[in-house]
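Work out the full structure, taking the sequences as your base and the hints as a guide.
Residue numbers (my numbering), protein chains in the order written: chain A, 1 to 114; chain B, 1 to 300; chain C, 1 to 90.
Hints listed in this document are in silico derivations from the structure and should not be mistaken for laboratory results.
Be careful, since some hints might not be right.
[To be verified] Residues of chain A placed beyond 10 angstroms of chain B at every Cβ, according to the derived structure: (1) 2; (2) 8; (3) 11; (4) 22; (5) 45; (6) 49; (7) 77; (8) 81; (9) 85; (10) 97.
[Stated by the list, open to error] Covered, in the sense of this in silico footprint (three residues per stretch, anywhere, with C-beta under 8 angstroms from a C-beta of chain A), are these stretches of chain C: (11) 27 to 33; (12) 38 to 52.
[Claimed, not checked] With a Cα cut of at most 30 angstroms, we get these calculated DSS-like pairs of lysine-lysine: (13) A/92 with B/288; (14) A/67 with B/168; (15) A/92 with C/22; (16) C/22 with A/67; (17) B/288 with A/88; (18) B/168 with A/88; (19) A/67 with B/288; (20) B/288 with B/168.
Just so it is clear, the structure is predicted and the values come from calculations on it, not from any experiment.
Ideal Cβ placement from N, Cα and C applies to all residues, glycine included.
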Amino acid sequence: MEILFDIVSWICLVAGSFFCLTGGIGLLRFPEFFSRIHAASITDTLGAGLIMIGLMFQAGWGLVLAKLILILLFSLIAGTTASHAMAKAALKSGLQPQVVGTMDSETGGAPSKS
Amino acid sequence: MLGGIYSLLSASFFIDLDAVDVAFTEASVGAGISTLLMLASLKLVNRYERKTRYKPLLALGVITITGALLIYGTLDMPHFGDPNAPAQQHVVPRYLNESMAEIGVPNVVTSVLASYRGYDTLGETLVIFTAGLGVMSLLLVSSRTKKESKNLVPADMRQQIILRVVAKMMIPLILIFALYVQFHGDYGPGGGFQAGVIFAAGVILYTMLFGLGVSQRAFHPEVIILLTAFGVLMYAGVGVACMLLGGNFLDYNVLRHDPIHGQHLGILLVELGVGITVAAVMITIFYKFTWRTVKHKYHQ
Amino acid sequence: MFTITALVILVVMALALVRAFKGPTLYDRILAVNNFGTKTVLLVAVMGFLYGRPEFLDIAIVYVLINFISVIGILRFFEYAGKKNAEEEA
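And the structure:
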């Protein structure tokens, strides 16, 4: 049982690290703000979530587990809300999403023309 | 400008590696409150500094001399990690080895802060109180502005519905967590300073999202100003109570029949005093900034 | 295993720092600061397990809350300051 927990937690930790890394690279390499926010919020939810779950398997029952669950909940709520607020503020301040020409003709209503 | 926030975040992260309590303070004070207060003061002033007509050479000279003296002072200090340094030999072994027997609090930092070094902490609390008084007297506002600002400020974040709903969920948790930090300081990292700052951050978040009027109904400014003094008085009052019971100033052993229980009670009360003062001063400063901004914006 | 995770998080923090200093618009910088904050939370938690000192988790909780509050504060400030300054900052 211990070994099973260890293996599961390792898988979670490695997967979380991988998502964090992809998110970080995306944050650096994507061309404009709204695609960057997409990359960053992946690290916020998936990466952080997986790493926290991985740590939870190591923690065992007790106060530590409760605190980890608390951190996970907080970061899920706060991270997503902060991303939303940022995107909204950026949009309000006049930053328009950049749209590649081929995309809007095929996927009907995805980006609005206005 | 965002560089400032950055240095705070990264500085606190470096401190993390060693001292839990210091890191805790840094996390709450450095990354949280100072960012918020810096932004609040930036709201007040213009974006760029005005050109001065005189050259402040004298000030530069004074600063250079002070800096040089400080560097000269460090030359006498022992090398980093030197086991013969006075800090390692004088009182630290006693603090570290006997704090469990004498005070009975698992977290050594708390026992040193609140009991062995009670005078120093009282001094720090007084410094915070004085800083609050300074800000209050610098940023005087009329009561008319106060009344008007209640109606003028709340229009700021009306449109962020999701943010408001989420914040409604978060704020009680923040306040409860602040209380946890306050009273759990004996066992884990934490204590009055950190708890006060977290509490104030929660209140500031509430003010930012729901407007000044609503927030002032919950945390009335006059009451808060009274509380700043009350915290310091509570700290000093514990000391005076110790004197009345026949001990020295801030000698908690006499508070109960059993010295260890006395220490527990004393530390708890003193930390509570510190927490109340810190939280109240921070909230007052934030209110003052907000009022002042209203005054600048609407009374020109 | 914790070491690898901590190292990866450090790398991501470095990437976020680069974005924050380069960031063409103001919002890129805020996004990077926010990302840096969440990564700090993760790093603190992982460090706690690495050193076997779970009381680090308290700091992580504080960081989550403070990070949220300060991002909202920054956003509110710039919303208040208006569009003009946002472009100047870039």
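Evaluation of the provided hints:
Chain B leaves residue 2 of chain A outside its interface by the beta-carbon criterion, the shortest separation being 27 angstroms against a cut-off of 10 angstroms. Residue 8 of chain A, annotated as away from the interface, keeps every beta carbon of chain B farther than 10 angstroms; the closest lies near 28 angstroms. In this structure residue 11 of chain A is separated from chain B by more than 10 angstroms, as the shortest Cβ-Cβ distance comes to about 27 angstroms. Against chain B, the non-interface label of residue 22 of chain A holds: every CB pair exceeds 10 angstroms, the least being about 22 angstroms.
The claim that residue 45 of chain A lies off the interface holds: its Cβ sits roughly 15 angstroms from the closest Cβ of chain B, which is beyond the 10 angstroms cut-off. Distance to chain B confirms residue 49 of chain A as a non-interface residue, since its nearest Cβ pair spans about 17 angstroms, more than 10 angstroms. A beta-carbon of chain B comes within 10 angstroms of the beta-carbon of residue 77 of chain A; the shortest separation is about 6 angstroms. Distance to chain B contradicts residue 81 of chain A as a non-interface residue, since its nearest Cβ pair spans about 4 angstroms, not more than 10 angstroms.
Not every CB of chain B is more than 10 angstroms from the CB of residue 85 of chain A (nearest about 5 angstroms), against its label as outside the interface. Every CB of chain B is more than 10 angstroms from the CB of residue 97 of chain A (nearest about 19 angstroms), matching its label as outside the interface. Figure legend: the region 27 to 33 of chain C, annotated as covered by chain A; annotation consistent (5 residues with Cβ-Cβ distances under 8 angstroms, at least 3 required). Counting residues of the region 38 to 52 of chain C whose C-beta sits closer than 8 angstroms to any C-beta of chain A gives 7, which meets the bar of three, so the coverage hint holds.
Distance restraint check for residue 92 of chain A and residue 288 of chain B: the Cα-Cα separation of roughly 29 angstroms lies within the 30 angstroms cut-off, and the hinted pair is therefore satisfied. With a C-alpha separation of about 21 angstroms, the suggested pairing of residue 67 of chain A with residue 168 of chain B holds against the 30 angstroms cut-off. Only pairs whose Cα atoms come within 30 angstroms are accepted, and residue 92 of chain A paired with residue 22 of chain C is accepted, the gap being roughly 22 angstroms. Between residue 22 of chain C and residue 67 of chain A the alpha-carbon distance is near 36 angstroms, which puts this suggested pair outside the 30 angstroms criterion.
Simply put, residue 288 of chain B and residue 88 of chain A have alpha-carbon atoms about 29 angstroms apart, close enough for the 30 angstroms limit, and the pair holds. Pair hint residue 168 of chain B plus residue 88 of chain A holds up; C-alpha atoms about 19 angstroms apart against a cutoff of 30 angstroms. Between residue 67 of chain A and residue 288 of chain B the CA atoms are separated by roughly 36 angstroms; this puts the pair beyond 30 angstroms, and the hint is violated. In summary, the hint linking residue 288 of chain B to residue 168 of chain B is supported, as the alpha carbons are separated by about 24 angstroms, within the 30 angstroms threshold.
Checked against the numbered hints above, the structure breaks hints 7, 8, 9, 16, 19 and satisfies the rest.
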